[in-house]
Amino acid sequence: MTQDTNGRTLVFSYDYKPGSEFETIAHLQPGTTIRLLRTVDGETVSEISQPDEYTGHVIRYESSGGALEPTTILFVREGRISTGESASLDTDASMFSSRLNLLATTVEQ
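If you count the sequence shown from 1, you need to add 664 to reach the numbering used here.
Please note that the accuracy of each hint is not assured.
[To be verified] Label-pair ranges, simulated between beta-carbon atoms:
1) Thr-708 - Tyr-680: 31 to 37 Å
2) Ala-690 - Gln-773: 31 to 37 Å
3) Arg-699 - Gly-743: 31 to 37 Å
4) Ser-762 - Thr-735: 22 to 28 Å
5) Arg-763 - Ser-727: 18 to 24 Å
6) Gly-706 - Glu-772: 20 to 26 Å
7) Ser-728 - Asn-765: 15 to 21 Å
[Said to hold, decoys possible] Computed list of lysine to aspartate or glutamate pairs in EDC-like fashion (alpha-carbon distance at most 16 Å, straight line):
8) Lys-681 - Glu-742
9) Lys-681 - Glu-772
10) Lys-681 - Asp-754
11) Lys-681 - Glu-717
12) Lys-681 - Asp-716
Since the hints were derived computationally from the structure, they do not count as laboratory data.
These numbers come from a predicted model, not from an experiment.
By construction, the Cβ of each residue, glycine as well, lies at the ideal position given by its N, Cα and C atoms.
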């Protein structure tokens, strides 16, 4: 499956590397994605009433120098990026959920 990211893309603010290319390593199980998109107490946040609408992706930022870059999690609503596919995060982002520390951005193919 190729990249299909017409929906919203979320990333934890401390892992946001605008313009940096990444590779999709794996997809999270739906239950894991749902747990990560809820508070520690298991509550949904007002911005995400249906966490099951998101697909969780394990991504690793790529480095031209060969150094190992951070591995993190990306959430895509109404879409997914295939394992092994590369993309990058847009340089524009906005705070999506301060309670979960998530930014909203888009994926550039």
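Consistency of the hints with the structure:
1. Thr-708 - Tyr-680: 31 to 37 Å: Once the Cβ atoms are compared, 22 Å apart, the range 31 to 37 Å for Tyr-680 and Thr-708 is violated.
2. Ala-690 - Gln-773: 31 to 37 Å: Violated, at about 19 Å.
3. Arg-699 - Gly-743: 31 to 37 Å: 20 Å, violated
4. Ser-762 - Thr-735: 22 to 28 Å: 24 Å, holds
5. Arg-763 - Ser-727: 18 to 24 Å: Given a distance of about 32 Å, which is not inside 18 to 24 Å, the answer is violated.
6. Gly-706 - Glu-772: 20 to 26 Å: 34 Å, violated
7. Ser-728 - Asn-765: 15 to 21 Å: Hint violated: Cβ distance 28 Å, outside 15 to 21 Å.
8. Lys-681 - Glu-742: Distance ~22 Å between Lys-681 and Glu-742 Cα, so the pair is violated.
9. Lys-681 - Glu-772: Roughly 13 Å separates the two Cα atoms, so the pair holds.
10. Lys-681 - Asp-754: 9 Å, holds
11. Lys-681 - Glu-717: The given pair, whose Cα atoms are some 24 Å apart, is violated under the 16 Å limit.
12. Lys-681 - Asp-716: Violated. Lys-681 to Asp-716 sits at ~25 Å, over the 16 Å cutoff.
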